[in-house]
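Q: Line by line, the protein sequences are chains A and B. Per our numbering, the first sequence starts with residue 695, numbered consecutively. Per our numbering, the second sequence starts with residue 695, numbered consecutively.
Note that these hints are calculated values from the structure, not bench results. Among these hints, one or two may not hold up.
Any copy, or any two copies together, can satisfy a pair, since identical chains are not distinguished.
Computed list of lysine to aspartate or glutamate pairs in EDC-like fashion (alpha-carbon distance at most 20 Å, straight line) [stated by the list, open to error]:
1. Lys978 / Asp966
2. Lys978 / Glu1089
3. Lys978 / Glu945
4. Lys880 / Glu748
5. Lys745 / Asp863
6. Lys921 / Asp1076
7. Lys921 / Asp1085
8. Lys1019 / Glu874
9. Lys921 / Glu898
10. Lys999 / Glu922
11. Lys978 / Asp1076
12. Lys921 / Glu896
13. Lys866 / Asp848
14. Lys860 / Asp873
15. Lys1027 / Asp1038
16. Lys880 / Asp770
Number of protein chains: 2
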Amino acid sequence: MAAPASNLRINGDRLWESLMEMAKIGPGVAGGNNRQTLTDADGEGRHLFQKWCEEVGCTMGLDQMGNMFARYEGTDPEALPVYVGSHLDTQPTGGKYDGVLGVLAGLEIVRSLNDLSIKTKHPIVVTNWTNEEGTRYAPPMLASGVFAGIHTQDWAYDLEDAEGLKFGDELKRIGWCGDEEVGARKMHAFFELHIEQGPILEAEGKEIGVVTHGQGLSWTEVTLTGKESHTGSTPMPMRKNAGLGMARILELVDAVALSNAPDAVGAAGHIDIYPNSRNVIPGKAVFTVDFRSPDKAVIADMENKLREGGSAIAGQMGLDITFEKVGGFDPVKFDDACVTAVRDAAERLGYSHRNLISGAGHDACWINQSAPTAMVMCPCVDGLSHNEAEDISQEWAAAGADVLFHAVVETAGIVE
Amino acid sequence: MAAPASNLRINGDRLWESLMEMAKIGPGVAGGNNRQTLTDADGEGRHLFQKWCEEVGCTMGLDQMGNMFARYEGTDPEALPVYVGSHLDTQPTGGKYDGVLGVLAGLEIVRSLNDLSIKTKHPIVVTNWTNEEGTRYAPPMLASGVFAGIHTQDWAYDLEDAEGLKFGDELKRIGWCGDEEVGARKMHAFFELHIEQGPILEAEGKEIGVVTHGQGLSWTEVTLTGKESHTGSTPMPMRKNAGLGMARILELVDAVALSNAPDAVGAAGHIDIYPNSRNVIPGKAVFTVDFRSPDKAVIADMENKLREGGSAIAGQMGLDITFEKVGGFDPVKFDDACVTAVRDAAERLGYSHRNLISGAGHDACWINQSAPTAMVMCPCVDGLSHNEAEDISQEWAAAGADVLFHAVVETAGIVE
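Take the sequences, apply the hints, and build the full model.
A: What follows is the structure, given as structure tokens:
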């Protein structure tokens, strides 16, 4: 396919206005958004997106998981479409850009093609995946997961929120349950633009992240059992201090991750101490170790080092220790041709860029199992996300959408 | 004064029966007791204690803090009494012996003197101090603290429990507020028998602890502030992990305490991590460091090492750190003559013994500021206390009461 000319750009002002318009639906309490999946606000956001899509001549498809597919025709009705999108749902105290940018940048691609009367061979389908966030209905990336065959639809329908309302019932209640079989669509490729949700691009002054891999994840819950005893009347040599054992294992986790620098990471975000009283030596510590790497073998090696090293520490301290794997997924390697299309687009458009490994999960990580996939990332201020203070600049949004535009259009084939 | 003959013993069966009888009042849910201060059960326990005291000819005094003083006359009505006792109140899930043993062993001394028609020169006063536990009305050792001039009575009366009920009102409600001015009594000496609430005596097979000192205490609340960020998308070098900083400071606390072995101890029993989510690097850690030593200078040195070393750790990791002293009291050195009386008694009676430093606070620690004071300790199973499973053997109780008997009677002066 011929590459688009470097002066071909999306309309950054229009993209920004649409982001601000969408952010009015399901406002948060601190300048961000609370537009959680399958709420009335989610339904309202979907209506606005559908209206915008139809205004530029798209036809909307809807599957039984509520995934929305706005199709902009190509010149070859037999050609598989190029899909582009992300998610419109937000965290309960979420930002205006996490997910939303990727959907509205897809819309902006179609609007720009429409402005310029450019045709592509392959149709382009702008997608809104249902329940990426997973806060109301865990797990995250639920509907893209069903699409990719990771979960069954029946299982997803039976998930309950904190009030006992089922996913399937709520999807029907808001009126966004379609007839289309989930996962039946075949894709020529899938592209997703997302804010980085990390600090690297901003810190290095790069405008574009070319996402080559998604980190694999391993969550191990560690339970250390010592003996509750009085902080005053128990001599140091007679203590079985589960809190001190935890401290030593946290240091081990750090060392193990650093020994796999620069791509691997490790930390414990969840820590509970029992009985958590100022004058009682902790008799129990429960904490979850989060290891990530783009290399499956490195994850397995880090898990082993945690189990071996943690057991040794516990043994030396007279503590009992158990390990339970409570979560995980394999690393993702995105499609070489799609990744190259993203990198070439950034280069052609003159945007500074670097390769990135996505540390968070995204719909693209599941769709990568069904279709050639790649991701574009743009910076976000201070790496902050899942927070109403999440912020990006209009320029960053436009640059990301430009790169997405070029990668999608080149893959879909401009008709000369 | 002449020492009592080594065949002079209390009645261990009677002491045990009284312990079991008292334990029927305010039973717990798991074999222990819930006889919290100023509850109806506390009042009922006081009535039983008074009845037993009066049966052996004592007259009961009662002060405005509800402290009970059962006086058994000596031969010299001008001589200052020797006081002996502890507390009848329990933790909400407390044991049958913590405090109660010390009061009923005092009663058993009087019963034994009465059995044997032995007279002492100094009167003996068996005391029940109100609210030693401090769980319903903090702080612990409240009424002995008012007696010793540590707290004012007005302040104590205004203390509120979790339901907003005032100490002074509840003391009157249960009918145990006396007329006597608190702290007006002068003592020749004070002795307290208590279970160890620690593991040393049982581990070393010793029957008696001769308590020479009470540990001083320092509580420092440490707040480490880093930056909340995603565990996946934040590279290791860009993290400000308050949880890891805490781990390093916990290791420092252990090293500082061990460098003052064997008497100093240190640990953190209270640890809170924020936001405490599996995939968020801790942005804040708040934990309380508990240092204890019988030497005031050692406590000050340990506090300084925590502040200096903790600040250095925080500085290296890009974390902010603050320290707040949230509790503390000075070490206690018990009266040499009283301690010697306890040690001599154990020796004379043929009980194995060792010196102990009390790690927990006791009424004797405050009364030591008003009168020559010492403590006797007996083992408890596995060091367990403040727990319904708290346990001692009848033999341990009898040995402790025997030693208390001899120390009290020698100090009070047997009339030949």
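Q: Among the hints numbered above, which are violated by the structure, and what are their numbers in rising order?
A: 2, 4, 5, 8, 10
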